[in-house]
Structure formats: C-alpha cells, structure tokens
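**Student:** Under my numbering, the first residue of the sequence shown carries the number 6, and numbering increases by one thereafter.
Check before you lean on any hint, since a few could be wrong.
What follows is a list of derived Cβ distance ranges for each label pair [what the hints assert, rightly or not]:
hint	residue 1	residue 2	range
1	Gly132	Arg32	55 to 63 Å
2	Pro120	Ala164	18 to 26 Å
3	Val72	Gly162	27 to 35 Å
4	Thr207	Gly36	15 to 23 Å
5	His73	Ser182	51 to 59 Å
6	Asp196	Gln23	27 to 35 Å
7	Asp204	Ser62	14 to 22 Å
8	Val28	Glu176	42 to 50 Å
9	Gly180	His73	49 to 57 Å
Hint data in this document are derived by calculation from the structure and do not stem from the laboratory. Keep in mind the model is a prediction, meaning the values are calculated, not measured. All C-beta atoms in this analysis are idealised placements derived from N, C-alpha and C, irrespective of residue type, glycine included.
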Amino acid sequence: MTAAARAARRPLFLEVRQEILTVLGDRYRPGDRLPSEPDLATSYGVSRPTIREVLRSLESDGLVRRVHGVGTFVTQIRPVVSSRFDLDLGVTEAVAAANQRLGVQILRVSREAAPSSIAERLALEVGSALLWVERIIRVNDVPGAYAIDAIPADIAGDAEYIGGSVYRFLESTCGLSLVGGVADVTAVTADRHLARLLDVTTGTALLRIDQIERTADDRPVLYSTEHYLPTVLNLSVRRVRHGGRPLD
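With these hints in hand, go ahead and build the complete structure from the sequences.
**Tutor:** Have a look at this one:
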C-alpha cells in the first residue's frame with residue numbers, strides 16, 4: 006500500500022473504530038459476541054480488510070477477543086478502576102476506593118538476594134536479603150495488574166505478608182511512615198509470560214510503573230514493578246502549570 010493510500014485510509018479506519026467503540030459502550034457487555042466481519046463491513050459501509058484491521062486494533066487494546074472460526078467477543082468495555090497517578094495510592098487501595106471487588110492472588114512470597122539493579126535503587130549491597138512478593142491484582146475477578154514488590158529484609162523482619170496492600174503491610178505491620186517516591190512510567194507490550202498471567206494475548210498494550218517508596222527520613226524501603234492492563238485499571242495525572250504561568 007502506498008503512502009497516499011494509507012493517508013486516505015487512516016481517517017476511515019479511525020472513524021469506524023470510534024463508532025464501534027461507542028457501540029461497545031452502549032450496547033454490549035463483556036462476553037457478548039459481535040456481529041460477523043461481513044455484517045460489520047456492511048453496517049459501516051467499509052471493506053472487510055478495514056473491519057479486520059479495526060478489530061485487530063481493539064484486540065491489541067484488550068477490548069475484544071477474536072476466536073478463529075467462532076467470532077469476536079467483548080472482553081472489557083472500559084476501565085473499571087480509575088486512580089490519580091499524582092496520589093501515592095497502592096493498586097489494591099485504588100480498587101477498594103473505586104468500590105470494586107478486589108482479589109489478590111499471591112504467586113510467590115520468598116526471601117531473595119537483591120540483584121544489582123534493585124540493590125542500587127534500595128541503597129543496599131548486592132546480594133542483600135529481600136522480602137520478595139509477586140501478585141496478580143484482580144478487579145471483579147478480572148486480572149488487572151501484575152505486581153512485584155521488593156522490601157529490604159531488615160525492614161520486614163520476621164513479619165509475614167499474607168495478602169492485601171503492601172503499603173498497609175509496611176505501615177501497619179512494619180511500623181513505617183511512608184511519604185511517597187519517584188515513579189517511572191513506560192508503555193510496553195505483553196510478552197508470553199505477562200500475557201499468560203494477565204489472561205491477554207501476546208502483544209497487548211500494558212502500562213509499566215517502576216517506583217521507589219521512601220520514608221520520612223528519605224530511606225528507600227520498597228521497590229515495585231507493576232504492569233497494568235489499561236482496560237481494567239486507568240491512571241490519570243493532574244498537571245499544573247508552574248506558578249500558574251507559561252514556561253519559557
């Protein structure tokens with residue numbers, strides 16, 4: 006396809022995609038089957054390749070799932086949990102605040118030796134002991150995030166993490182006063198491992214957040230890596246102009 010042909014086709018693709026997104030929100034629920042590709046093409050007055058491209062993009066976003074020989078099924082209409090990224094709120098706390106059903110599937114809780122990448126972030130010697138926690142966070146029984154949390158073992162002591170908010174574990178069980186930290190946000194796609202854990206197709210768009218949590222005395226006490234499924238967990242940021250004036 007030439008560049009000119011792609012430029013002419015793209016607005017049509019976007020128009021049909023937006024119309025289908027609107028219909029998904031108005032008429033369908035998760036698990037419902039969409040009309041066939043020929044029927045959709047006829048309804049929107051476009052070719053089957055255009056419809057196929059639209060459905061492929063919706064599948065990449067985790068909104069539909071295509072089953073060969075069966076049809077296309079709605080997986081999620083819109084994010085069910087929205088959280089402010091400028092608030093230091095753990096993912097389990099965000100789910101609870103949204104009054105949604107929270108599920109925490111613990112995959113692993115163990116004592117591990119800190120690799121160099123994490124040791125540096127937590128100001129530890131390489132090989133220092135960590136309390137290592139891996140979880141799947143579910144929202145209304147749907148996987149919404151995969152989280153890895155690393156806590157210096159001397160902070161955790163003999164305390165055992167048994168589920169729920171890791172922030173609450175640090176505050177209530179370990180007696181810390183958390184003040185927040187710096188988070189790095191990147192857009193990634195699901196590899197086979199993440200796709201299996203989050204029950205999505207390989208290549209699905211995810212949001213990755215790497216964060217260091219600190220105490221009032223500026224000690225790093227938690228390093229976390231979280232992979233969010235944007236169709237389940239949505240993060241927003243409140244942006245404020247510096248001093249209320251445009252920056253040079």
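**Student:** Under the constraints set out in the numbered hints, which ones does this structure not fulfil?
**Tutor:** 3
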